[in-house]
Amino acid sequence: MKSTVIVFPGSNCDRDIAVALERMQFKNQMVWHKETTLPKSDLIVIPGGFSYGDYLRSGAIAGKSLIIDEVIKAAKSGCLILGICNGFQILTETGLLKGTLLRNKNLKFINKDIHIRVFNSNTKFTNKYKSNQILKINIAHNEGNYFTDVKHLEKLKSENLIAFRYCDEKGNINNNCNPNGSLDNIAGIFNDNKNILGMMPHPERMVDEMIANKDGVNLFSSLIN
Amino acid sequence: MKFSVTVTLKKDVLDPQGKVVQNTLINMGMDYLKNIRQGKHFEIEVDEENQLEAEKKIDEMCKKLLVNLIIENYKITKI
Amino acid sequence: MKFSVTVTLKKDVLDPQGKVVQNTLINMGMDYLKNIRQGKHFEIEVDEENQLEAEKKIDEMCKKLLVNLIIENYKITKI
Amino acid sequence: MNISNKIIENHGLKIEEFENIKKLLKREPNLLELGIFSAMWNEHCSYKSSRIHLKKLPTKGKQVIQGPGENAGVIDIGDNDAIVFKIESHNHPSYIEPYQGAATGVGGILRDVFTMGARPIALLNSIHFGSPEHAKTKSLLNGVVSGIGGYGNCIGIPTVAGETKFNETYNENILVNAMAVGHALKDKIFYSKAKGLNKSVVYVGSKTGRDGIHGASMASAEFDENSEEKKPTVQVGDPFTEKLLMEACLELMKDNSIISIQDMGAAGLTSSSVEMASKGGLGIELELEKIPCREENMTPYEIMLSESQERMLIILEDGKELEAKKIFDKWDLDFVVIGKTTKTNNLTLKYNNKTEGEIPIEALASKAPLYDRKWIKKKPKKIEINLKDLKKIKIEDALIKILSSPNHSNKSWITNQYDQSVMCDTALKSGSDAAIIRIHNKDKAIAVSVDSSANYCKSHPLTGGKQIVCENWRNLIAVGAKPLAITNCLNFGNPENKEIMGEFAECLEGIKEACEFLNYPVVSGNVSFYNGTNKKNIYPTPVIGGVGLIKKLKYPLNLNFKKENSILILIGKTFGHLEQSCFLKENYSLNEGMPPEINLLNEKNNGESLLKLINESFVLSCHDISSGGLITALAEMSINTEFGAKIQKPKKLTNLLRYFFGEDQARYVIEIEAINLSKVEKILKDNEVYYENIGHTQKEYFEIEGELKFSNKDLFKINNEWYNNY
Ligand SMILES: Nc1ncnc2c1ncn2[C@@H]1O[C@H](COP(=O)(O)OP(=O)(O)O)[C@@H](O)[C@H]1O
Ligand SMILES: [Mg+2]
Chain A
1 MKSTVIVFPG SNCDRDIAVA LERMQFKNQM VWHKETTLPK SDLIVIPGGF
51 SYGDYLRSGA IAGKSLIIDE VIKAAKSGCL ILGICNGFQI LTETGLLKGT
101 LLRNKNLKFI NKDIHIRVFN SNTKFTNKYK SNQILKINIA HNEGNYFTDV
151 KHLEKLKSEN LIAFRYCDEK GNINNNCNPN GSLDNIAGIF NDNKNILGMM
201 PHPERMVDEM IANKDGVNLF SSLIN
Chain B
1001 MKFSVTVTLK KDVLDPQGKV VQNTLINMGM DYLKNIRQGK HFEIEVDEEN
1051 QLEAEKKIDE MCKKLLVNLI IENYKITKI
Chain C
2001 MKFSVTVTLK KDVLDPQGKV VQNTLINMGM DYLKNIRQGK HFEIEVDEEN
2051 QLEAEKKIDE MCKKLLVNLI IENYKITKI
Chain D
3001 MNISNKIIEN HGLKIEEFEN IKKLLKREPN LLELGIFSAM WNEHCSYKSS
3051 RIHLKKLPTK GKQVIQGPGE NAGVIDIGDN DAIVFKIESH NHPSYIEPYQ
3101 GAATGVGGIL RDVFTMGARP IALLNSIHFG SPEHAKTKSL LNGVVSGIGG
3151 YGNCIGIPTV AGETKFNETY NENILVNAMA VGHALKDKIF YSKAKGLNKS
3201 VVYVGSKTGR DGIHGASMAS AEFDENSEEK KPTVQVGDPF TEKLLMEACL
3251 ELMKDNSIIS IQDMGAAGLT SSSVEMASKG GLGIELELEK IPCREENMTP
3301 YEIMLSESQE RMLIILEDGK ELEAKKIFDK WDLDFVVIGK TTKTNNLTLK
3351 YNNKTEGEIP IEALASKAPL YDRKWIKKKP KKIEINLKDL KKIKIEDALI
3401 KILSSPNHSN KSWITNQYDQ SVMCDTALKS GSDAAIIRIH NKDKAIAVSV
3451 DSSANYCKSH PLTGGKQIVC ENWRNLIAVG AKPLAITNCL NFGNPENKEI
3501 MGEFAECLEG IKEACEFLNY PVVSGNVSFY NGTNKKNIYP TPVIGGVGLI
3551 KKLKYPLNLN FKKENSILIL IGKTFGHLEQ SCFLKENYSL NEGMPPEINL
3601 LNEKNNGESL LKLINESFVL SCHDISSGGL ITALAEMSIN TEFGAKIQKP
3651 KKLTNLLRYF FGEDQARYVI EIEAINLSKV EKILKDNEVY YENIGHTQKE
3701 YFEIEGELKF SNKDLFKINN EWYNNY
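Protein chains in written order, with this note's numbering: chain A, 1 to 225; chain B, 1001 to 1079; chain C, 2001 to 2079; chain D, 3001 to 3726.
Do not rely on the hints blindly, as some may be mistaken.
Straight line, CA to CA, 25 Å or less: simulated PhoX-like cross-link-like pairs of lysine-lysine [to be verified]:
| hint | chain 1 | residue 1 | chain 2 | residue 2 |
| --- | --- | --- | --- | --- |
| 1 | C | 2064 | C | 2002 |
| 2 | A | 170 | D | 3717 |
| 3 | D | 3138 | C | 2040 |
| 4 | D | 3165 | A | 112 |
| 5 | D | 3330 | A | 34 |
| 6 | B | 1075 | C | 2078 |
| 7 | D | 3320 | D | 3254 |
| 8 | C | 2034 | B | 1078 |
What the simulated footprint calls covered on chain C by chain D, stretch by stretch (three residues with Cβ under 8 Å from a Cβ of chain D suffice, anywhere in the stretch; the number is not a length) [claimed, not checked]:
| hint | segment |
| --- | --- |
| 9 | 2011-2018 |
| 10 | 2067-2073 |
Here are some of the chain A residues that sit facing chain B, going by a computed Cβ distance under 8 Å [to be verified]:
| hint | residue |
| --- | --- |
| 11 | 60 |
| 12 | 64 |
| 13 | 100 |
| 14 | 102 |
| 15 | 103 |
| 16 | 105 |
| 17 | 145 |
| 18 | 147 |
| 19 | 181 |
Hints in this document: simulated from the structure, not taken from any laboratory. Glycine residues also receive a C-beta, built at the ideal position from the N, C-alpha and C atoms.
With the hints as extra help, turn the sequences into a complete structure.
In structure tokens form, the structure reads like this:
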């Protein structure tokens, strides 16, 4: 599998995801945002960080960069796209994913290990997980409060486009285990064709036992599958 | 020519910032506060002397970058 | 009664936000942009029918919470 | 222009110092030159009150590659890997504008580290606030924490450890100390010493604005009608630009084009250019109209004294300008050749070809004032507290009081606002005695911790100085690291007061003794004087930041109990020293008497013997005993796990309060498997370490036989309430 990681000024999880991909046997390439062509690849990752400082709205400026036109083209032709954290925010700014990520409900940056439940394990990104599997995973963001309109929310539910939802360690989903105020505890969503996944938690931080747990590994092995 | 642009969240979009600010102010004793919403404000100067043209240019900036049209409204005012 | 408050950075205070937005707009081809600075905007409704009193109350909110007086200026307008 | 006494005073210079300037110049300085002297001769840049004392600190050792004097210290961790680190204060700016003050503090210390060719891998901070009830404390705390997080999170360097303390002595003067740690290759370290004539001096990074121009405001009021416009402005941090600057510098450093590099910190362009020239024994000439400015009509005075952030000065090898510029263009940063090195030994400032100022470099650097300020020794007050005189208290209640106090409350309200995991090498996060950061792509790791004990230092500076070094050393040992070297941030009151100067001199003597004995040299640091207001000075608060090495990281050792029925051993001797303890402070508001004594011999032996146990993988969990004594340490080991402890009362008849709350030094609690007990005991005995078996672990409950029993869940609640309700 070939993967490409897009690097924006201010991306700061680009190395982390590259390390995780290589560990999982992807042949990975980094692509600087000023490039105008993308190498052929099976997976494009938009990493976490603070692209352009997230100074206007998180992900807004990266969403207008040159390389993004290429990402959109690739997405339309079915290439797999994974946006993590800031990457998710960027994907919503480009319109590849619907909805938006507002400030966390307590207006504070949150970094901690939380739990999420896998809601659709029947996709290219999640097929190695069991359905309803509970993962312990790290979040680190200021704007992870997912919001969308009622119609789109209905669609996300009815078409099984919700990838992950925040839950407690037993898998219950309620307000207490919603770290950021996200609508329906949504932690990650797919586009209609399920070739694009945007998620706030960081799977690349969960691939090495010495550092954390390995709950993120299956996301990458699903893609290889 | 100089303009101001105010960007506000659409009515039915949750405003976490406004909400926290509102609660804080009320907790501080200012219970006469009925509602507060937070938005953005830009002061923009463009090299264009025709007001209509200038406004068009500002409008383009809003549409192309400054505003997320899905969740935000905006208003341009000459200053 | 309803007011708008615009909060802007004092002159000479670095505006990293405005700077990045300005560079981006210019890179997008809008080179007629001379200057842009980013600030905050609040829409506030208070339970007070006397305009002077209401303005006093808004002013208090600004001083006590909404504005960082060390680096920001603000302006209250009735809407 | 005539320089009045008022102008001199507003520049923070004494009349004698001004006379000295005239002598050195052999003429009267102009205003620009005066501003430059004022920047270089102030306490912050010249260390005029502290230099004599700092010289006594041990700074050498096999592990030291670069001691104090450069942007940061450098130590050797083997295999061509080096660790670069330093701590710095940003106290006054943080009190004025907590968010930006703290943020720019982080930004500044990061530049010190990446300037030397290191990629920053961890951030730490030590923050001290006034009493929680004080009107300003809450907003200062909020602002500082979000400022630290705002900067570190955005640039993408994990903030992994720190300390947060409250004490009324900081009501009007908070402390914000930030430490940065970086990794470099030993043969790729960059220094600030200039070399060679006619080399290009290059300005890179952000544009220059009127940020933080000190003395300028008042002085300019006298000669400028637009004085309001020229008020110094607060420095605003721009972590995004710093991220670009860091990446650009590290990219440029891969190649051999840099002769010398220096970040622009305090006193901006002035101190950076003077420092480079003075170290290289050269002159430097700048053409000020070339400086990229953010505002219109900036004067040479403003340009030279601006403290705008995210800027660097580089001296390049001949012919490397184009290549270097390409890199900075890629990162959208300014890159301008603004001058050259000269043989004049002068700082020459030109503006549109006109010479606006010319000062011999040595007048600014080596000839800067040096004071041997008067100081007096503290007379120790040997008050012994007799527990019989105090109101009776139950152990249980005293423990609750401590665990729920602001100073001992769980800090996750703070640490959850920091990205601790970015870079994916944080093996142990905040919450244990030290944090562990793995060296990228290797199986070795470093441990880092920052510590201070202001109340110990206040009551007996000499002992206090020793104690912090030891506590810091202990914190590294407790996670299995061999302590290598420290950085220190010396926060003190007004040095012109001989008692304060005495606190300084004695604390330093203590630090020196401990560092020497433990082979724990000082490789970098920072002094912050004049902390306090209205003649009320803060407690002496030296902060120690230590770095230790874990040669092969097998598992990150932390303080949480791991199993049921393992044996608990208390290493070190318990005397029951309660004076200056957290027990007396929290329960009786007493803070009299001497701090616990430091026995360096035991400290070293206990620590090194424990390291042997850890290296043999005998230790399941480990915690050093500090503020709050044995019982607090044991409770902390229970709070975040499903395992608690069952502790026996001491066999010898001693006062239980003294036994459990005493703050005797050089002690640790370790958890080991029962089957390893004899092997562990043998090592301890062979090394002549005093130890006691104090009990064993059990499920869910923390218990002292016949005295108290808490469920871990209750302890957790007690420990977490304060921040949630504040
Ligand atoms: N401001 C802070 N930033 C990061 N970590 C902090 C901060 N304050 C406290 N911590 C963390 O909380 C834990 C407890 O701190 P402290 O009681 O000072 O530990 P110790 O007594 O072992 O030095 C440590 O792991 C420390 O790193
Ligand atoms: Mg400790």
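With the threshold set at 25 Å, check whether the alpha-carbon distance from residue 2064/C to residue 2002/C stays at or below it.
holds (19 Å)
Has the given pair, residue 3165/D with residue 112/A, been kept, meaning a C-alpha gap of at most 25 Å?
holds (23 Å)
Can you verify the interface hint for residue 181/A: is its Cβ closer than 8 Å to any Cβ in chain B?
holds (6 Å)
Hint check, residue 100/A versus chain B [nearest Cβ-Cβ separation less than 8 Å]
holds (5 Å)
Is the hinted pair residue 1075/B and residue 2078/C satisfied, with a Cα-Cα distance of at most 25 Å?
Measuring from Cα to Cα gives roughly 16 Å; hence the hint holds.
Next item in the hint list is residue 102/A. Is there a CB on chain B closer than 8 Å to its CB?
Holds. Min distance 6 Å.
Are residue 64/A and chain B close enough, Cβ to Cβ, to be under 8 Å, as the hint says?
holds (6 Å)
For residue 2034/C and residue 1078/B, compute the direct alpha-carbon distance and say whether it is at most 25 Å.
Given that 25 Å is the threshold and the Cα spacing comes to 15 Å, the pair holds.
Given residue 105/A as an interface hint, is the shortest Cβ-Cβ distance to chain B below 8 Å?
holds (5 Å)
Would you mind confirming whether the straight-line C-alpha gap from residue 3138/D to residue 2040/C stays at or under 25 Å?
Within the cut-off at roughly 23 Å; holds.
For the pair we were handed, residue 3330/D and residue 34/A, check the Cα-Cα distance against 25 Å.
holds (9 Å)
Does the closest beta carbon of chain B sit nearer than 8 Å to the beta carbon of residue 145/A?
holds (6 Å)
Hint compliance for this structure: no hint is broken.
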